[in-house]
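> In case you want the letters, here they are:
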Amino acid sequence: MGDAILKVTDLKKHFIQGKGLMSFMQRQTIPAVDGVSFDVNTHETLGLVGESGCGKTTTGKLILKLSQPSSGNIVYDGIDIVPMSNREFRPMRSKIQMIFQDLDAALNPKMRIGQILGETIKIHNKHLDDSAVTARMYELLEMVNLKKNKLSNFPSELSGGEKRRVGIARTLSVNPKFIVADEPTSALDVSIQAQVINLMVDLQKQLGLSYLFITHDLRLMELVSHRVAVMYLGRIVEIGDAKKVAQHPRHPYTEILWSSLHVKQSAAALKVQQHNAKAGAAWDVFDFTEEDKGCRFAPRCPVFAEKGQPQACTQQSPTLQDCASGHKVACHFPL
Amino acid sequence: MNNSPLLKIEELRTYFYSRTKQAFIRSVDGVDLEVNKGDTLGIVGESGSGKSVSMLSIMGLIAARPGIITGQVWYQQEQARINLLAGLQDHVQVSKNDGRIMSVEKTDLAWQRRLEKNMLGIRGKEIAMIFQNPKSAMNPFFTIGHQIVENITRHTQYKSRKEAKERALYWLERVKIDSPQLRFYNYPYGLSGGMCQRAMIATALSSEAKLLIADEPTTGLDATIQARIADLLEELRAQTGVTIVLISHDMGVIGRLSNKIAVMYGGRVMESGPAQAVIDHADGKSHPYTEALLKSIPREDNMSSQGHLNSIDGEVLDTINVPRGCRFASRCQRINKSIEKMCLNEEPPLATVSDGHKIRCWHFAGV
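Chains A and B are the protein sequences, given in the same order. Just remember that the working numbering sits 98 ahead of the position in the first sequence, which is counted from 1. Just remember that the working numbering sits 1 ahead of the position in the second sequence, which is counted from 1.
Because the hints were derived from the structure by calculation, they are not lab data. Just to be clear, a hint being listed does not mean it is correct.
Claimed, not checked - As a list, the in silico SDA-like pairs of lysine to any residue whose alpha-carbon atoms are at most 25 Å apart: (1) A/K261 / B/N37; (2) A/K193 / A/I219; (3) B/K97 / B/A81; (4) A/K341 / B/D251; (5) A/K246 / B/D314; (6) A/K341 / B/S305; (7) B/K296 / A/Q302; (8) B/K296 / A/A340; (9) B/K22 / A/R210; (10) A/K261 / B/G308; (11) B/K286 / B/E174; (12) A/K303 / B/R300; (13) A/K261 / B/H147; (14) A/K341 / B/G308; (15) B/K177 / A/K275; (16) A/K303 / B/D302; (17) A/K245 / B/V323; (18) B/K9 / B/G125; (19) A/K275 / A/N247; (20) A/K261 / B/R20; (21) B/K177 / A/G151; (22) A/K342 / B/A81; (23) A/K342 / B/R20; (24) B/K9 / B/K163; (25) A/K342 / B/D302; (26) A/K193 / A/P129; (27) A/K342 / B/M304; (28) A/K208 / B/Y18.
As the list claims (entries may be wrong) - Non-contacting residues of chain B with respect to chain A, defined by C-beta distances greater than 10 Å in every case (computed): (29) F17; (30) R101; (31) E106; (32) R114; (33) R238; (34) G326; (35) L351.
All C-beta atoms in this analysis are idealised placements derived from N, C-alpha and C, irrespective of residue type, glycine included.
Same shape as in the complex, but just chain A (with noise of 0.2 Å):
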């Protein structure tokens, strides 16, 4: 493998929310991303993975600089770009691209496709006239196949996959290395979406690119990804290789986000399940106004509810520890 092109250390992302007229007086701060560290090597897919709420957008935009992280370093290839102004990343911008979740809101309605592409590529290339700005349109719509007439076309008049290409066409514009994919898929059926993926694939062969994929589809993941992350609560959990990771997850958390997958639910998602129903836990509140020691995932883990509530998961957070070969897993009593 490849040299990392993006490593990610202690990254932090604490959003202040204010409750109410007085909020000045009481502030909370809510740990969206808390210590995330991962490396994306060259030519490889890191993906993402975690419900909703855990901090994997907010991840994503943090590394494109799209929100000021709170604390943490991003390293670029070698220049780390979170102490860098707007103005001196800008540059930098067209290496790191984002392919966004909801293209209804990231393309602009009252402009055509040709002038979204155009001004995309103008922008990062001024001195292009306009025959080379078509010439370059032309070979983006060939790379996403998208048919030439469709540059005169608003937004609106295209269906979900082709849309999702023109967000792809619009992202290769500016020829980046590094592509953050913010759930690529996750509003198209199953064929567009396999053609979406397949593109990707291609692209990534191509071009030599290199993705962090954010998804909650795991099926996909597992499929694509080279190596996976499985983020909870803003903290990664466990990462390692995709396939490892997908067969013999050693976190009780990727145990029960793969078993949910299958027909029948596994044997320690039912123990979760039951554990819950006795002790009446909420599953989907998290309460970050109590003090956060300990492992977040606890109240819902099985192993935990297993071992008689041992001390070490109330009282001490768990760190990524290498239990094979790259594959890390932040658990106490990993399975």
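Since the structure of chain A is already known, use the hints to place chain B on it.
Relative to chain A, chain B alone:
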């Protein structure tokens, strides 16, 4: 107990008009379906195939013009069998050319009045619906408790507020919302996606409907929550015996919950039958579209050697320019010289291939 199906849809057509294209969008173009009592019918298809629109038509919830044009929806009540679209054809004038509907004249007001009259006591009471997006389907100005109580007092024998509240709490508990006493007073925005979906299901069930239409109940939810909602629906069906029509584009969810499956494409039912026959090909026969759909599910055995997923080439049928022949012909893999002419020029009939299993394809039309 008589054997006639609980719901029988015949030749349902729902069109919309695109002003920019000056043409009809034939969203639902002659759909025939049957749902038996106690069954779970899964309707699959890509977006734009008309699954949601056909079910919204049954509920009489299509507001856009021209809307429902033709068709009958037979609903079996305890004594009588009634047509939900009865008398509506009097207010619609259709002119056809070459078997195709070219223009529609509709006296909207009279049509709408008649529909509302038909729907009275049916919509919400007999047929309830779980909508696609629970957050926008619930009224943001009222607590979920208020909305469930409203439904109960309107449709069931629990008329007093106190009784209705007790009943609402019962249903909230049934759908496994934790601490229902507290959640009763929550507004929809105060609930998470999964929780809101549960509240939506509770609202739908609270009228004790015989038929529950679930429109994509698990899309937009996380994998763990999806599994939970699917389990919940399964459990409720087993306990209350409610008949469910489940709309989804996720073959996984459909395969797991339903015992009958209908596959839709371009406003038409392409294949229908028992789940084993449609998904596992128990009788060795399948529609090329269903096969392609099943193959494009991201799974280990669906990957090609170059790390590609199987996809269906081309785009979903645009229902404005419906082809003369088979609607799937342009994307079909199984089209060959011997039947090509038929595929491109004439639409195949829905042929029965084995017990209850019907396929709309010239391969099985007995030619």
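> Each hint: holds or not?
Hints and how they fare:
1. The straight-line distance between the Cα atoms of A/K261 and B/N37 is roughly 40 Å, outside the 25 Å bound, and the hint therefore fails.
2. Of the pairs offered as hints, the one joining A/K193 and A/I219 holds, with about 13 Å between alpha carbons and a cut-off of 25 Å not exceeded.
3. This hinted pair does not check out: B/K97 and B/A81 have alpha carbons roughly 33 Å apart, beyond 25 Å.
4. Among the hinted pairs, A/K341 with B/D251 is consistent with the structure: their alpha-carbon atoms are about 23 Å apart, no more than 25 Å.
5. Straight-line distance between C-alpha atoms of A/K246 and B/D314 comes to about 18 Å, which keeps the hinted pair within the 25 Å bound.
6. Taken as a hint, the A/K341 and B/S305 pair is honoured in the structure, with Cα atoms around 17 Å apart against an allowance of 25 Å.
7. Distance restraint check for B/K296 and A/Q302: the Cα-Cα separation of roughly 23 Å lies within the 25 Å cut-off, and the hinted pair is therefore satisfied.
8. About 22 Å separates the Cα atoms of B/K296 and A/A340, which keeps this hinted pair within 25 Å; it holds.
9. Taking the CA atoms of B/K22 and A/R210, the gap is about 18 Å. The hint holds against a cut of 25 Å.
10. The suggested pairing of A/K261 with B/G308 holds, with an alpha-carbon distance near 24 Å, which does not exceed 25 Å.
11. At most 25 Å may separate the alpha-carbon atoms for a hinted pair to count; B/K286 and B/E174 exceed this at roughly 43 Å.
12. Distance hint between A/K303 and B/R300 is fulfilled; the C-alpha atoms sit about 21 Å from each other, no more than 25 Å.
13. Distance hint between A/K261 and B/H147 is unfulfilled; the C-alpha atoms sit about 40 Å from each other, more than 25 Å.
14. Restraint check for A/K341 and B/G308: satisfied, since their Cα atoms lie roughly 14 Å apart, inside the 25 Å limit.
15. Distance check on the hinted pair: B/K177 and A/K275 sit about 47 Å apart at the alpha-carbon level, beyond 25 Å; violated.
16. Distance hint between A/K303 and B/D302 is fulfilled; the C-alpha atoms sit about 22 Å from each other, no more than 25 Å.
17. For a cut-off of 25 Å, the pair hint linking A/K245 to B/V323 stands: about 21 Å separates their Cα positions.
18. A C-alpha spacing of about 18 Å is found between B/K9 and B/G125, which places the hinted pair at or below 25 Å, so the restraint holds.
19. For the given pair, A/K275 sits about 28 Å from A/N247 by alpha-carbon distance, which is inconsistent with the 25 Å threshold.
20. Under the criterion of a C-alpha separation no larger than 25 Å, the hint pairing A/K261 with B/R20 is consistent with the structure, at around 22 Å.
21. The hinted pair formed by B/K177 and A/G151 meets the criterion: a straight-line CA distance of about 22 Å does not exceed 25 Å.
22. Between A/K342 and B/A81, the direct Cα distance comes to roughly 59 Å. Violation of the 25 Å bound is thereby established for this hinted pair.
23. Proximity of A/K342 to B/R20 is assessed by CA-CA distance (about 54 Å); at most 25 Å being required, the pair is judged violated.
24. Restraint check for B/K9 and B/K163: not satisfied, since their Cα atoms lie roughly 38 Å apart, outside the 25 Å limit.
25. Straight-line distance between C-alpha atoms of A/K342 and B/D302 comes to about 17 Å, which keeps the hinted pair within the 25 Å bound.
26. Distance check on the hinted pair: A/K193 and A/P129 sit about 28 Å apart at the alpha-carbon level, beyond 25 Å; violated.
27. Taking the CA atoms of A/K342 and B/M304, the gap is near 18 Å; set against the 25 Å cutoff, the hint holds.
28. A C-alpha spacing of about 22 Å is found between A/K208 and B/Y18, which places the hinted pair at or below 25 Å, so the restraint holds.
29. In this structure B/F17 is separated from chain A by more than 10 Å, as the shortest Cβ-Cβ distance comes to about 15 Å.
30. Chain A leaves B/R101 outside its interface by the beta-carbon criterion, the shortest separation being 24 Å against a cut-off of 10 Å.
31. No Cβ of chain A comes within 10 Å of the Cβ of B/E106; the nearest lies about 29 Å off, and the non-interface call holds.
32. B/R114, annotated as away from the interface, keeps every beta carbon of chain A farther than 10 Å; the closest lies near 34 Å.
33. Every Cβ of chain A is farther than 10 Å from the Cβ of B/R238; the closest lies at roughly 16 Å, confirming the non-interface assignment.
34. Every beta carbon of chain A lies more than 10 Å from that of B/G326, the smallest distance being close to 20 Å; the non-interface claim holds.
35. Distance check on B/L351: its Cβ is at least 22 Å (rounded) from any Cβ of chain A, clearing the 10 Å threshold; non-interface status holds.
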